[in-house]
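Protein chains in written order, with numbering that gives the first Met the number 0: chain A, 0 to 368; chain B, 0 to 368.
Because the hints were derived from the structure by calculation, they are not lab data.
Capping the alpha-carbon separation at 27 Å, the derived lysine-lysine pairs in BS3-like fashion look like this:
(1) A:LYS251 x A:LYS214
(2) B:LYS214 x B:LYS251
(3) A:LYS64 x B:LYS64
(4) A:LYS251 x B:LYS251
Here are a few chain B residues that face chain A, going by a calculated C-beta distance under 8 Å:
(5) SER20
(6) GLU27
(7) ASP98
(8) VAL107
(9) VAL109
(10) CYS192
(11) GLY250
(12) PHE256
Don't be surprised by glycine CBs; every beta carbon is placed ideally from N, CA and C.
Number of protein chains: 2
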Amino acid sequence: MPDGRSPELPLSAIVAALPPSTPFVAPEVLERRHGRAIRLRLGANESAFGPSPRAVEVMREAARKVSWYGDPESHELREALAEAHGVGVGNILVGNGIDGLLGLIARVCVQPGVTVVTSVGTYPTFGYHVLGFGGTLRSVPYDHDRIDCDGLASMAREVQARLVYLANPDNPSGTWRSAGDILRLRDQMPEPCLLALDEAYADFAPADALPPIDKSDRRIVRVRTFSKAHGLAGARVGYLIAHTDWVSAMGKIRNQFEVSRLSQLAALASLHDSEHVRRVTAAVAEGRAEYEALAGELGLSTIPSTTNFVCIDVGGEERARTLLEALLQRGVFVRMPGAPPLNRCIRVTVGRREDRALFADEFRRVLSH
Amino acid sequence: MPDGRSPELPLSAIVAALPPSTPFVAPEVLERRHGRAIRLRLGANESAFGPSPRAVEVMREAARKVSWYGDPESHELREALAEAHGVGVGNILVGNGIDGLLGLIARVCVQPGVTVVTSVGTYPTFGYHVLGFGGTLRSVPYDHDRIDCDGLASMAREVQARLVYLANPDNPSGTWRSAGDILRLRDQMPEPCLLALDEAYADFAPADALPPIDKSDRRIVRVRTFSKAHGLAGARVGYLIAHTDWVSAMGKIRNQFEVSRLSQLAALASLHDSEHVRRVTAAVAEGRAEYEALAGELGLSTIPSTTNFVCIDVGGEERARTLLEALLQRGVFVRMPGAPPLNRCIRVTVGRREDRALFADEFRRVLSH
Numbered sequence: 000m001p002d003g004r005s006p007e008l009p010l011s012a013i014v015a016a017l018p019p020s021t022p023f024v025a026p027e028v029l030e031r032r033h034g035r036a037i038r039l040r041l042g043a044n045e046s047a048f049g050p051s052p053r054a055v056e057v058m059r060e061a062a063r064k065v066s067w068y069g070d071p072e073s074h075e076l077r078e079a080l081a082e083a084h085g086v087g088v089g090n091i092l093v094g095n096g097i098d099g100l101l102g103l104i105a106r107v108c109v110q111p112g113v114t115v116v117t118s119v120g121t122y123p124t125f126g127y128h129v130l131g132f133g134g135t136l137r138s139v140p141y142d143h144d145r146i147d148c149d150g151l152a153s154m155a156r157e158v159q160a161r162l163v164y165l166a167n168p169d170n171p172s173g174t175w176r177s178a179g180d181i182l183r184l185r186d187q188m189p190e191p192c193l194l195a196l197d198e199a200y201a202d203f204a205p206a207d208a209l210p211p212i213d214k215s216d217r218r219i220v221r222v223r224t225f226s227k228a229h230g231l232a233g234a235r236v237g238y239l240i241a242h243t244d245w246v247s248a249m250g251k252i253r254n255q256f257e258v259s260r261l262s263q264l265a266a267l268a269s270l271h272d273s274e275h276v277r278r279v280t281a282a283v284a285e286g287r288a289e290y291e292a293l294a295g296e297l298g299l300s301t302i303p304s305t306t307n308f309v310c311i312d313v314g315g316e317e318r319a320r321t322l323l324e325a326l327l328q329r330g331v332f333v334r335m336p337g338a339p340p341l342n343r344c345i346r347v348t349v350g351r352r353e354d355r356a357l358f359a360d361e362f363r364r365v366l367s368h
Numbered sequence: 000m001p002d003g004r005s006p007e008l009p010l011s012a013i014v015a016a017l018p019p020s021t022p023f024v025a026p027e028v029l030e031r032r033h034g035r036a037i038r039l040r041l042g043a044n045e046s047a048f049g050p051s052p053r054a055v056e057v058m059r060e061a062a063r064k065v066s067w068y069g070d071p072e073s074h075e076l077r078e079a080l081a082e083a084h085g086v087g088v089g090n091i092l093v094g095n096g097i098d099g100l101l102g103l104i105a106r107v108c109v110q111p112g113v114t115v116v117t118s119v120g121t122y123p124t125f126g127y128h129v130l131g132f133g134g135t136l137r138s139v140p141y142d143h144d145r146i147d148c149d150g151l152a153s154m155a156r157e158v159q160a161r162l163v164y165l166a167n168p169d170n171p172s173g174t175w176r177s178a179g180d181i182l183r184l185r186d187q188m189p190e191p192c193l194l195a196l197d198e199a200y201a202d203f204a205p206a207d208a209l210p211p212i213d214k215s216d217r218r219i220v221r222v223r224t225f226s227k228a229h230g231l232a233g234a235r236v237g238y239l240i241a242h243t244d245w246v247s248a249m250g251k252i253r254n255q256f257e258v259s260r261l262s263q264l265a266a267l268a269s270l271h272d273s274e275h276v277r278r279v280t281a282a283v284a285e286g287r288a289e290y291e292a293l294a295g296e297l298g299l300s301t302i303p304s305t306t307n308f309v310c311i312d313v314g315g316e317e318r319a320r321t322l323l324e325a326l327l328q329r330g331v332f333v334r335m336p337g338a339p340p341l342n343r344c345i346r347v348t349v350g351r352r353e354d355r356a357l358f359a360d361e362f363r364r365v366l367s368h
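Chain A with its partners taken away, still in its complex shape:
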């Protein structure tokens, strides 16, 4: 037997050797575990401002037609995305959220013996996929709460990495690197090596954080999502912008029909509702400022964020954990980064005004205990 460990199940060696793990504990899981409803859901960076009304409308209209499979090529959505980004339809792949696309990226690049470089404590689903395909993960610490681009490049060269991951703006810190930093990282990577650039929070980012899109560049694959500013997290639609060679490689193995029919329609409608995204990003900027003011008022600092969440520095991991637990006891779901130096913080998603007021009350209360 290839794995030599499971006498009863014919498992692949990779799966047999993997420990059980889940990148995230969901709020529903916490509710079941603690037998207590969550009143305030500010832990998963979902959009408190909801989906575009146009997206809601098309889902309602199309609900009766859900007996039909969605277009496996998501063609209309890809056409619209290609136009929006000034690339060809063949440069766009639509998939099951960024999580699903990160799995595809890992699968096309990773096999046992392949080393992948990322940051300590960054978005854990990426590492989950790398390990799930038998890869080796090497991680570089954050540099003053920001992704250490030069550190990633050095490590990539040192270990002859074939894949490097970063999110920009970054999750869980909320910080960002300039396009220049990203492109210097790309240029310093060994050959061949792919930079997986996760731009889930691109809609909230300053323009300077986003390198120009170059469809002829085989060294970068970018992933974006309708889960954040567009408010369609539950619909599972993300997309990838890349050289056609990458889209073709992933096309050989992807699940053809994985994007729901309603979700394709909702994403397309939302893409055409740029006013909604503008409203959401403005409201989020207002909310971030309010969280910063709240922290200041409480004698705490925040990490500057260009996302829809803010990390509030509470001074240490143990305090962060205690506060998280105390908030959860009161029905408030937030998360904290998983590793130093960021785990001195709690990470709070920007809610609506009334959500923020409730959070402020609850946060004051748990801090005072």
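Using the hints provided, position chain B relative to the given structure of chain A.
Chain B only, in chain A's frame:
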């Protein structure tokens, strides 16, 4: 470089060696390819009878809440499914349709060097996944238009297969094997070997086709779907019933958040609307009889079906291909099986009464040319 073939892209050896392939050409792709709208969609075994009105209602109600991720454990749906099947929640895994679940099954079992056994020309997505994880596929011919269970068992022993696949009732033939045949196959497989039993069409099957569910049996994993009788193909919800060891193994690698929030709610509502499934299966039985009568009237025979489609024997592959093309020219989308002996047929999904009348007209017309 591991693959030795792609100087520019850091691809895994498996992906680098794979030829481009897609298991199915979708009707939307045909429309774009031919520049002609499809008027009658009877090729993908979707439910012409639509989703349950209760499922439509919950999707409409929940559309505004799609900014929240769905429960990654699909807990409520799994609880309801566990109750319906008399197993534990830990015996159920909900995933992105049967296609997604077949990918998971392939991934946990298959690696280069592993041989997998199936039937020539059966549901192609399974083979797509096996090749996509580097496995070797060995196929057994159909036996008088039915899956050859004894042939599968012999081949599995001969090649020391670790995974065997069949659909029961079968797609594309529509025929079925008895529970006794399935269990004999299971008992004749080598050790260790998993039987992946695809029961997409279980709702249309005679009770004798479905082996009793035994959650202590590590040799069978069963997959079912809301895409067929439930009419939720576009929502992408399927599930797997298996020993907890298999659910745990897949839990180590699955995409945690892949099932849309609305789709989970729709599936749960549909599960509770057993009257809808009864109506659909009765209507489908009526439609099958109508297709059989139509074929008889035209001097053709059909393959006995216990699914929501019927294979009409048109006498040979070339004629089947010509008829398919002629129907498509007239905006009628049907498919044909991909390999002998079934490729002497066209495969027609049961439509509503008006769809069937239109199909009958068009079929008569193309036959007479």
